[in-house]
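Trainee: Taking the hints into account, I'd like the entire structure generated from these sequences.
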Amino acid sequence: MPFKSKTTIIKTGKLEPDRYAFRAKIAGVFMMTALLLLTGKLWSLQLLQSQSYAEQAYNNRVRLVRLPPSRGKILDSKGRVLAQNIPSFTFSVIPAELEKNRLLIQTYSEILGLPEERIRSLIDRSRSGPKFINFPIKKNLTIEEVSRIESTLADLKGATLETKPLRKYPFKESLCHVIGHLGEISSDELSKSSQLGYRSGDLIGKSGIEIEYESHLKGEEGWEQVEIDAKGHRLDKVSRRAPKAGSDVTLTIDVEFQKYLEDIFYQSAGAIVAIDPDTGRVLAMVSKPAFDLNMFSPSISERNWKELNGDHLHPLENRCIRGLYSPASAFKIITALAVLNEKAFSPDRRFICKGQMEIGGQIFRCWNAHGHGSVNLHRAIVESCDIYFYEAGLKLGPDRIAKYATLFGLGTPTFCGLPQELPGLAPTPKWKARGHSDPWKDGETITMSIGQGYLVSTPIQLAVMTAAVANGGRLMRPAVVQRITSSDGAVTFEHTPVVRSEIQLNPGIMAQVESAMKDVVIDPKGTGKKCRIANLNIYAKTGTSQVIRAKERIKEDDRIPYHERTHAIFIAYVKDQPRKIALAVIVEHGGGGGSSAGPIARKALAKYYGLPDPGDSEEK
Amino acid sequence: MANFDWTLASLTLILTGIGLILIYSAVSPMGEAGKIFITRQILWCLLAMIMSAVFLLFDYSFLEDWAFWLYASIILSLLIVWAVGRVTAGSRRWIEIGFMRFQPSEFAKPIIVVILAKYLSTRENQSSLSLPELVRLMAIVLAPALLVLAQPDLGTAIVILLISVSLILFVGISRNAFVVIGLFAGAAIPLLIYLGDKILLDYQKKRIITFLYPDSDPLGAGYHIVQSQIAIGSGGVFGSGFLQGTQNQLMFLPVKHTDFIFSILAEEWGFLGCLALFVLFGLLFIKSLTIVGKARNEFGALLAFGAISIIFWHVFINTGMVMGLLPVVGVPLSFISYGGSSLMAGYFCVSMVLNVSMRRFHYK
Numbered sequence: 001m002p003f004k005s006k007t008t009i010i011k012t013g014k015l016e017p018d019r020y021a022f023r024a025k026i027a028g029v030f031m032m033t034a035l036l037l038l039t040g041k042l043w044s045l046q047l048l049q050s051q052s053y054a055e056q057a058y059n060n061r062v063r064l065v066r067l068p069p070s071r072g073k074i075l076d077s078k079g080r081v082l083a084q085n086i087p088s089f090t091f092s093v094i095p096a097e098l099e100k101n102r103l104l105i106q107t108y109s110e111i112l113g114l115p116e117e118r119i120r121s122l123i124d125r126s127r128s129g130p131k132f133i134n135f136p137i138k139k140n141l142t143i144e145e146v147s148r149i150e151s152t153l154a155d156l157k158g159a160t161l162e163t164k165p166l167r168k169y170p171f172k173e174s175l176c177h178v179i180g181h182l183g184e185i186s187s188d189e190l191s192k193s194s195q196l197g198y199r200s201g202d203l204i205g206k207s208g209i210e211i212e213y214e215s216h217l218k219g220e221e222g223w224e225q226v227e228i229d230a231k232g233h234r235l236d237k238v239s240r241r242a243p244k245a246g247s248d249v250t251l252t253i254d255v256e257f258q259k260y261l262e263d264i265f266y267q268s269a270g271a272i273v274a275i276d277p278d279t280g281r282v283l284a285m286v287s288k289p290a291f292d293l294n295m296f297s298p299s300i301s302e303r304n305w306k307e308l309n310g311d312h313l314h315p316l317e318n319r320c321i322r323g324l325y326s327p328a329s330a331f332k333i334i335t336a337l338a339v340l341n342e343k344a345f346s347p348d349r350r351f352i353c354k355g356q357m358e359i360g361g362q363i364f365r366c367w368n369a370h371g372h373g374s375v376n377l378h379r380a381i382v383e384s385c386d387i388y389f390y391e392a393g394l395k396l397g398p399d400r401i402a403k404y405a406t407l408f409g410l411g412t413p414t415f416c417g418l419p420q421e422l423p424g425l426a427p428t429p430k431w432k433a434r435g436h437s438d439p440w441k442d443g444e445t446i447t448m449s450i451g452q453g454y455l456v457s458t459p460i461q462l463a464v465m466t467a468a469v470a471n472g473g474r475l476m477r478p479a480v481v482q483r484i485t486s487s488d489g490a491v492t493f494e495h496t497p498v499v500r501s502e503i504q505l506n507p508g509i510m511a512q513v514e515s516a517m518k519d520v521v522i523d524p525k526g527t528g529k530k531c532r533i534a535n536l537n538i539y540a541k542t543g544t545s546q547v548i549r550a551k552e553r554i555k556e557d558d559r560i561p562y563h564e565r566t567h568a569i570f571i572a573y574v575k576d577q578p579r580k581i582a583l584a585v586i587v588e589h590g591g592g593g594g595s596s597a598g599p600i601a602r603k604a605l606a607k608y609y610g611l612p613d614p615g616d617s618e619e620k
Numbered sequence: 621m622a623n624f625d626w627t628l629a630s631l632t633l634i635l636t637g638i639g640l641i642l643i644y645s646a647v648s649p650m651g652e653a654g655k656i657f658i659t660r661q662i663l664w665c666l667l668a669m670i671m672s673a674v675f676l677l678f679d680y681s682f683l684e685d686w687a688f689w690l691y692a693s694i695i696l697s698l699l700i701v702w703a704v705g706r707v708t709a710g711s712r713r714w715i716e717i718g719f720m721r722f723q724p725s726e727f728a729k730p731i732i733v734v735i736l737a738k739y740l741s742t743r744e745n746q747s748s749l750s751l752p753e754l755v756r757l758m759a760i761v762l763a764p765a766l767l768v769l770a771q772p773d774l775g776t777a778i779v780i781l782l783i784s785v786s787l788i789l790f791v792g793i794s795r796n797a798f799v800v801i802g803l804f805a806g807a808a809i810p811l812l813i814y815l816g817d818k819i820l821l822d823y824q825k826k827r828i829i830t831f832l833y834p835d836s837d838p839l840g841a842g843y844h845i846v847q848s849q850i851a852i853g854s855g856g857v858f859g860s861g862f863l864q865g866t867q868n869q870l871m872f873l874p875v876k877h878t879d880f881i882f883s884i885l886a887e888e889w890g891f892l893g894c895l896a897l898f899v900l901f902g903l904l905f906i907k908s909l910t911i912v913g914k915a916r917n918e919f920g921a922l923l924a925f926g927a928i929s930i931i932f933w934h935v936f937i938n939t940g941m942v943m944g945l946l947p948v949v950g951v952p953l954s955f956i957s958y959g960g961s962s963l964m965a966g967y968f969c970v971s972m973v974l975n976v977s978m979r980r981f982h983y984k
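Going down the list, the protein sequences come from chains A and B.
With the numbering used here, letter number 605 in the first sequence gets 605, and the count goes up by one each step, no holes.
With the numbering used here, letter number 75 in the second sequence gets 695, and the count goes up by one each step, no holes.
Simulated from the structure, these hints should not be mistaken for laboratory data.
Even for Gly, the Cβ is constructed at its ideal location relative to N, Cα and C.
Heads up, some of the hints might be wrong.
Heads up, simulated DSBU-like pairs for lysine-lysine below, C-alpha to C-alpha not over 30 Å straight-line [what the hints assert, rightly or not]:
| no. | chain 1 | residue 1 | chain 2 | residue 2 |
| --- | --- | --- | --- | --- |
| 1 | A | Lys206 | A | Lys259 |
| 2 | A | Lys100 | A | Lys138 |
| 3 | A | Lys244 | A | Lys138 |
| 4 | B | Lys655 | A | Lys100 |
| 5 | A | Lys157 | B | Lys655 |
| 6 | A | Lys73 | A | Lys138 |
| 7 | A | Lys138 | B | Lys655 |
| 8 | A | Lys432 | A | Lys403 |
| 9 | A | Lys395 | A | Lys354 |
| 10 | A | Lys172 | A | Lys73 |
| 11 | A | Lys206 | A | Lys168 |
| 12 | A | Lys306 | A | Lys73 |
| 13 | A | Lys525 | A | Lys607 |
| 14 | A | Lys41 | B | Lys907 |
| 15 | A | Lys25 | B | Lys907 |
Chain B is faced by these chain A residues, among others (derived, beta-carbon under 7 Å) [unchecked claim]:
| no. | residue |
| --- | --- |
| 16 | Ala27 |
| 17 | Gly28 |
| 18 | Met31 |
| 19 | Leu42 |
| 20 | Gln46 |
| 21 | Gln49 |
Mentor: Right, dumping it as structure tokens:
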């Protein structure tokens, strides 16, 4: 029925039927023209050029093959290889091309040493997947297997050898946290635009240097156009762009020194960071427990992964940059510098330590229950008297303590060039007001002045802090990468020292604190005397970080359960030698800072300067 | 049921059937693993048919009443996708609902047609669109278009804009507005090129560059175009036959059961097969446009026109990009490509046209 005759019963009455019917016709013409245009293109492709396309498709089909680049090496400061790619061979079948099955199974069962049944079931399984995609039968073939398989390939269709690079870590556990591991690229990573050039199934850095320097290590992919016939067999190469190998990354760390430190660290968990105070170069970075990086290559087994992830000591974590510890008495160095620089009181001002004091109705104890007697700043550092620093904390107030903590790099990441570094925390009353309902208390000020409470730092922050004391107040940016060398030998990056800030202190202050740090080691009552080495001037400070609140003092350490024992902390530096070093040692649940972390620092320094280790007998 | 348009319904079913045959061909080289795609697509077809039948029970005027809420809910869904959507093939386009994954951007297209039809049919005067009206319309369209672009789904964003422009041109714009837009466009193109460089993601830029120079990246994006052109060209007049396309069977063709399914038709069924498909789509368009001219009111006419323009742009952009006539932007071929959301949206569009056709007389 025509539209016009019905206009009388149309609801709105404002319709212009002719207008839309006419426009619909125009639209129709437009759409038909578009379809004609498409048909025209189709005509050109399928009729005019059909011959050439058909040739490409049937006779000389060109298949593009990716040529993955060889990943760059990771080297230590002396050029020793820490991570490199070696070829690994996989034997695969192409399901669509399999012909003489029985012969094939017999042949390869013998070569590969696999039962015929196993190969048969794998081949059956391969048929459920894509017909023309290689299905792996055995990975990591030996050279002998490879040469024997090669001689059979011409006779047996459907069998093939694939070469894939395998990441190898000759030093196994050494530096595992710094080097980091590889893994298959995730869909999240694939979607990021910066990662163009990756395909699913590619390996990509997942932690440490491997992820941080991924863009340098990766290299550029090449390709090869290969002619294959209608059945998918390779005929010839048409064109090729060679892949470009990735750059080599050279670390600042000498793996021999590193390995020595890893070996002397017999306790179950903790960290050592050693840096050069003048340049900020990291000399060693030990995080315990560690793991063998080769477990991840080519891919980690389900069982190993569960084991690593489920371990309550978290071996995958790099404690050097992610472990948060109270710096404990090691922080007294900063409190002391604050006292002197702010002229809170004279260094000669004495306080009487009776082993405890009362603040706001609460008893605060010194670690020495008998008390240190009358102590000035020097004695307070040497004997690590808590009462003196409680008084200092009350005088300074929390904001001034936090200011000096921040000046020495606590509370911000050190930007050492490793991923996922934690910033730690230098707390202030303002900070507490943001997240807590109760206000800042004096008790919190004094616990902060001895490096406990909310104040937490990473081992690398402690090492950088120590270095800043050693070099006279320069806060360095630590670095683990010394150099990046492209595959053609050109150096594209060379580390130059970066001073994050110059800490402005009144002249003479540093010398006063340093003389006390020297006596920490030399003085008979010094808490760091286990770190004594003849003919070497060592400046140090100990720390013992409480894990749980010590209500009762239990004398015999052996009786305290492991997880309730205190963390041992030791910072030390040597500055009057041509090569300087500053280090921080943390032994988790190691007991007293001087007694368990001290000897590690001593052995490290002795090794670094090529001196014989005097051993623990020195203390007696 | 007297006015049910059997021709239109049959055309849709034939197209869906062709789609199933092509998907079967596309997934057959995957072996057993491919079968699941066929089963799933058949289930989606049944669901789409049930949905269409239910929709046809009601007079389409309810869409007019619900236009705002439909629009609000699609904006909300797009926001959800943007926020928590799941990552597939490099972009967020999905919402998980129980066992189903649903792609709101596919439904954004028909819903934009609904809201535009409502807006355009309830205007005070019937003259051509003035400039302020156009600005308001663009605001309605740009909100979902930008959310879709952020997914990032350039293809759908382009289709949304093309549908809106189609509807606006269908209603007509005033001469003043035309002149101003012309000047504005002249000034905006350099700006757009500049912004496009900033906003478009690397892979989107790469696709456009590859479209212009396919040889620049034979391994990456250019691979799609080169391989699909070989597939189409090698099909010739009669094609290589069902399951005989070597480009397909040797897995040269990428994402072939979804966006590149047309190349399988071209390879295995040749020029004649493609021509048949174009004829079927052509009939679908002409039949629908006739219905547009006969609608009982302006809303109905605009609704039907918008719905059919969605299908048209999909067909044009998809086949154009597969043949190398347009850049690869990821638009499915309506009724043919594998994918539930796309199929449901296609059925919804045809149902809207059918609904307008069934109720072209007013019985009150």
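Trainee: Run every hint past the structure and note whether it holds.
Mentor: Hints versus structure:
Of the pairs offered as hints, the one joining Lys206(A) and Lys259(A) holds, with about 23 Å between alpha carbons and a cut-off of 30 Å not exceeded. For the suggested pair Lys100(A) and Lys138(A), the alpha carbons sit about 19 Å apart, so the restraint of at most 30 Å is met. Taken as a hint, the Lys244(A) and Lys138(A) pair is honoured in the structure, with Cα atoms around 29 Å apart against an allowance of 30 Å. The suggested pairing of Lys655(B) with Lys100(A) holds, with an alpha-carbon distance near 28 Å, which does not exceed 30 Å.
With a C-alpha separation of about 27 Å, the suggested pair Lys157(A) and Lys655(B) falls inside the 30 Å cut-off, and the hint holds. Restraint check for Lys73(A) and Lys138(A): satisfied, since their Cα atoms lie roughly 27 Å apart, inside the 30 Å limit. At roughly 28 Å between alpha-carbon atoms, Lys138(A) and Lys655(B) fall within 30 Å of each other, so this suggested pair holds. A distance of roughly 15 Å separates the Cα atoms of Lys432(A) and Lys403(A); the hinted pair therefore holds under the 30 Å criterion.
Distance check on the hinted pair: Lys395(A) and Lys354(A) sit about 19 Å apart at the alpha-carbon level, within 30 Å; holds. Note on Lys172(A) and Lys73(A): the hinted pairing holds, with a Cα-Cα distance of about 15 Å set against a maximum of 30 Å. A threshold of 30 Å between alpha carbons decides the hint, and for Lys206(A) with Lys168(A) the separation of about 15 Å falls inside it, so the pair holds. Proximity of Lys306(A) to Lys73(A) is assessed by CA-CA distance (about 28 Å); at most 30 Å being required, the pair is judged to hold.
For a cut-off of 30 Å, the pair hint linking Lys525(A) to Lys607(A) stands: about 26 Å separates their Cα positions. The hinted pair formed by Lys41(A) and Lys907(B) meets the criterion: a straight-line CA distance of about 25 Å does not exceed 30 Å. Our distance criterion of 30 Å between C-alpha atoms is met by Lys25(A) and Lys907(B), whose separation comes to about 11 Å. The closest approach between the C-beta of Ala27(A) and any C-beta of chain B is roughly 6 Å, which is under the 7 Å cut-off, so the hint is satisfied.
For Gly28(A), the interface hint holds, since its Cβ comes within 7 Å of a Cβ in chain B; the closest pair sits about 5 Å apart. Proximity of Met31(A) to chain B holds as hinted, the smallest CB-CB distance being about 5 Å (cut-off 7 Å). Interface hint at Leu42(A): satisfied, since its Cβ lies 5 Å from the closest Cβ of chain B, which is below the 7 Å cut-off. With its C-beta approaching chain B no nearer than about 4 Å, Gln46(A) sits inside the 7 Å limit, and its interface hint holds.
A hinted interface residue such as Gln49(A) counts as satisfied when its beta carbon comes closer than 7 Å to some beta carbon of chain B; here the least separation is about 5 Å, so the hint holds.
Violated hints: none; the structure is consistent with every hint.
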